[in-house]
Structure formats: structure tokens, C-alpha cells
Amino acid sequence: AQKVTQAQTEISVVEKEDVTLDCVYETRDTTYYLFWYKQPPSGELVFLIRRNSFDEQNEISGRYSWNFQKSTSSFNFTITASQVVDSAVYFCALGMIYNQGGKLIFGQGTELSVKP
Amino acid sequence: DTGVSQDPRHKITKRGQNVTFRCDPISEHNRLYWYRQTLGQGPEFLTYFQNEAQLEKSRLLSDRFSAERPKGSFSTLEIQRTEQGDSAMYLCASSFHRGQRGTYEQYFGPGTRLTVT
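Chains as they are written, first to last, in the working numbering: chain A, 35 to 150; chain B, 300 to 416.
Incorrect hints may appear among the rest.
What the hints assert, rightly or not - The calculated SDA-like cross-link candidates involving lysine to any residue, where the alpha carbons are at most 25 Å apart (straight line), are:
{"no.": "1", "chain 1": "B", "residue 1": "K370", "chain 2": "A", "residue 2": "G135"}
{"no.": "2", "chain 1": "A", "residue 1": "K37", "chain 2": "B", "residue 2": "K313"}
{"no.": "3", "chain 1": "A", "residue 1": "K72", "chain 2": "B", "residue 2": "F395"}
{"no.": "4", "chain 1": "A", "residue 1": "K37", "chain 2": "B", "residue 2": "E343"}
{"no.": "5", "chain 1": "A", "residue 1": "K37", "chain 2": "B", "residue 2": "L338"}
{"no.": "6", "chain 1": "A", "residue 1": "K37", "chain 2": "A", "residue 2": "Q103"}
{"no.": "7", "chain 1": "A", "residue 1": "K37", "chain 2": "A", "residue 2": "Q117"}
What the hints assert, rightly or not - Covered stretches of chain A, as calculated for chain B (at least 3 residues, CB under 8 Å):
{"no.": "8", "region": "74 to 80"}
{"no.": "9", "region": "135 to 141"}
Hints were generated in silico from the structure; no laboratory data involved.
Built from N, CA and C at the ideal position, the CB exists for glycine as well.
With these hints in hand, go ahead and build the complete structure from the sequences.
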């Protein structure tokens, strides 16, 4: 069975601090995709990144960076120099490549609060 | 291009009533997904369509739930004889798939928040 665990329920930081959101996943498949979504207070899930299991290269997009380590089944998300607008719930999700219709399996989310 | 839209945004209903939600996906997307999200949890998969065909239903989708996607465009999700446990946010997402494999990024609508009293 597939599972995604986000052990941090809530994180609170002060603006300009760096923060890392943890994501650990479980799957028996050797090929899969991993995603991060942001859910601001307005409620709409916003796609941030998709990575496939073949590519463990870390990725950076502006203040966002992602660290994928297949050996530890982790796909962590770091926000550098956090801003108040980063306050949201962040979800990590797992998607299968073969079969299963492309549905996403989400973690429980980490609520990030960035205070001025 | 507009994103995924859902209607209504909020619905309050009494237990036992039927409700129907609508989702309009991004126009060129061939896959449409329904998820349910309860407070403090991540979204949970309910069902999905490839064009007009409903290809998978979760065990969460009891026989009181039915979904359609006529003509492969918009989709409706109906809940019959609503129960208080049906109170949740119902999210719709769409994606474009090439071929049979892959999990491409899904774009979500704003959701319909259902409250059953």
C-alpha cells in the first residue's frame, strides 16, 4: 500500500527564517511521482512541483527548493527567507506511474505560519 | 485560459436531502478527478474520469454517491440522502494525460464546502 507521512502538523517561524517541511512516503513500486501542493487560506490547492523517481537531482525555484532522497524515501521542501505570504498548508503527494489512474495520495499536510 | 471552476462554493443542506455539485475542468484536459477533504486532513481520492468514462471509484464512494461526466466536459457529483458525515470540502481537479502511463500534475478548483445539518 502507498502512504505519505508529513510528521510536522504545524510550524511557526518568523519572517526571513528558513524552514523545511518534511515528507516521507511508502510504496513498493520502483517508479512513481512525487508532488508538493500549497493550500492558502482561500482553500484552492496550488501545484508547486512534480518529480519522478528516476531523477534524484535537487531542484531550486526562487526561494523554494526540494530535496529528494530515494534511499530514505523522503522528499523535503525548503523555503528560504520565508515571507508572510508563504503562510499556508502544504501537502506532499504520491502518484503512481503504472495503473491506478493517476490518482494522488496525499499526506495530512503541514500548516506553516510565517509571522512578521 | 481559465482554471478549474466549481459550483456552488458553499452548500448547506439538511440531513436526508440530495445535493449536486458541478465541476468545469480546464478545457483541454482529458482527465477529471474528485477528492474529498475533511478538516485537518489531506484530500482523499473519490473517483476519476478519462474523457466521459468513469474508470475508478474509491471504496469511500458509497452507493449514495454518483458522478457523471457527459460528453467528457463538465462533471457532476451527486450525494443522495446526505448524512452529517458527508460534511467536507469536495475538490475537483483536472489534468492532461498522454498515453496510458504517468501521473501528471493535477490542477484543482476552489472546492465546494458541504455542511450537512
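Hints, one by one, checked against the model:
{"no.": "1", "hint": "B:K370 with A:G135", "in the structure": "holds, 19 Å"}
{"no.": "2", "hint": "A:K37 with B:K313", "in the structure": "violated, 34 Å"}
{"no.": "3", "hint": "A:K72 with B:F395", "in the structure": "holds, 20 Å"}
{"no.": "4", "hint": "A:K37 with B:E343", "in the structure": "holds, 12 Å"}
{"no.": "5", "hint": "A:K37 with B:L338", "in the structure": "holds, 19 Å"}
{"no.": "6", "hint": "A:K37 with A:Q103", "in the structure": "holds, 16 Å"}
{"no.": "7", "hint": "A:K37 with A:Q117", "in the structure": "violated, 30 Å"}
{"no.": "8", "hint": "74 to 80", "in the structure": "holds (count 5)"}
{"no.": "9", "hint": "135 to 141", "in the structure": "holds (count 7)"}
Figure legend: structure checked against the earlier numbered hints; hints not met, in rising order: 2 and 7.
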